[in-house]
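Peer 1: Residue strings, one per chain:
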Amino acid sequence: MKKLFYYLFVSVVLISGSVFLHGCYPDDSLSYSETDVALTGYYDSVDFSTLRTYYMPDTVYPFRDDTTDKTPVEGQELILSEIASNMTNYGWTRIAEDDTLHKPDVMLTATAIVTTTVYVGWWYPYYPGWGWGWPWYWYKKSPRETNYWYPGYPGYYPPGWGWWGYPYYSSFTTGTLKLDLANPEDIRIIDGDTVVPLYWSAALNGILSGSSDEVRLKEGIDQLFEQSPYLKHN
Amino acid sequence: MKKNKIILTIVFLATFSISTFAQGGGAWNFTYNMGFPIGETNDFISKPSFRGFLIEGRGFVTNNFAVGGSGGWQVFYEDFGWVTEDISETATIHGYNRKYINAVPLMATGHFYFFPANLQPYVGLGVGTYYIETRNYMGIYYVEEDAWHFGLAPEVGLSIPFGNNSNAGLTVNVKYNWAVKTQKTSGQSWIGLGLGFSYLF
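Same order as they appear, the protein sequences are chains A and B. So the first sequence is residues -10 to 223, counted in our numbering. So the second sequence is residues 6 to 206, counted in our numbering.
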């Protein structure tokens, strides 16, 4: 009897030991939409009430591992129209690129990022050179002020943005839609680099389901604006 | 490294417990454990845990006093659904939030039995370590913290043998699990309720 209990004890300890080395994570399955995370941040020394007009290129810039792949991002029209309608709802006026009478206050760009599997990273998809030094790819030139619209300066996250330093872990192939609001004329020199501070940056990240889900994409974009009430003018 | 520590601790506790056989008389307890979060644990996850177990070996060194070791596992989990949180003064995150705590107490124990007879009420104290891993998920992303915490576990309990000549019985105990904070992680605490079987020898 003693032996029986001894063996029982040992086997339970060994089995449980091997299980708990991996931890127990019940109910950790998610639907595709439940993997979506919306993250937004703003530069707190910007007075958004003075900014009312924006220019948005009619292309979602694709950021892929294969940099030669220039095919348009799936759902591009939907993405841009949803962003534009949210901006309109918040009281912004979109300036077209051929408008020679008005110069927009800021530029809003959309980038679609497809990341390969990330095992351990920071909350924001970890790319060497991102954050403080990722290059702006201005592929649209303003007919009037070419120099302004094609600076090629890195985007700069001003101090106090605060989402850096969040060690997140993930092992999924994800897609990210990133929106950046900046004034390309607001040029700063930071540590010897010429940069443009981002006034507002938003990221919508989730597992790529293979089929584009319009509702999921629209709700995600709406959420980015919903949690950024400081952009609202009305 | 972490695995080595865990395995060594288990081996130590197992041999420590087995050595008490030699003293003549003791008990093995196998309990199903529930955990009710309090303090900082309650701030993180308030939902009670119904996933837990504990195995204990005790050997009597006097008529009333037993020493031994215990090891177990308690899993806390709560689904917070869609949440929007400010992660700094200027940054906001929105996502599907789930939180987990995996806690593994490994203790050396001492128990005092008031009436070592048919009904056996006892008080006890465990001293040792809690290995605690917490995860805070936003969608597929999570922040993980893990640490070995120094911990104490004062306890009151009752063993009820099935009959005069039976060497098996029921056992029930209430335990205050207290894992002190570490340099990088906060403290954790919960009230544990254990129900199970005793094998007396």
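It is worth saying that the hints were derived from the structure and are not from the lab. Glycine residues also receive a C-beta, built at the ideal position from the N, C-alpha and C atoms. A portion of the hints provided could be inaccurate.
Stated by the list, open to error - Among chain B residues calculated to face chain A with C-beta under 8 angstroms, some are:
#1 Glu94
#2 Ile98
#3 Tyr101
#4 Ala113
Peer 1: Next, verify each hint and record whether it holds.
Peer 2: Each hint tested on the structure:
no. : hint   : result
1   : Glu94  : 7 angstroms, holds
2   : Ile98  : 5 angstroms, holds
3   : Tyr101 : 4 angstroms, holds
4   : Ala113 : 16 angstroms, violated
In the structure shown, a violation is registered for the earlier hint numbered 4 alone.
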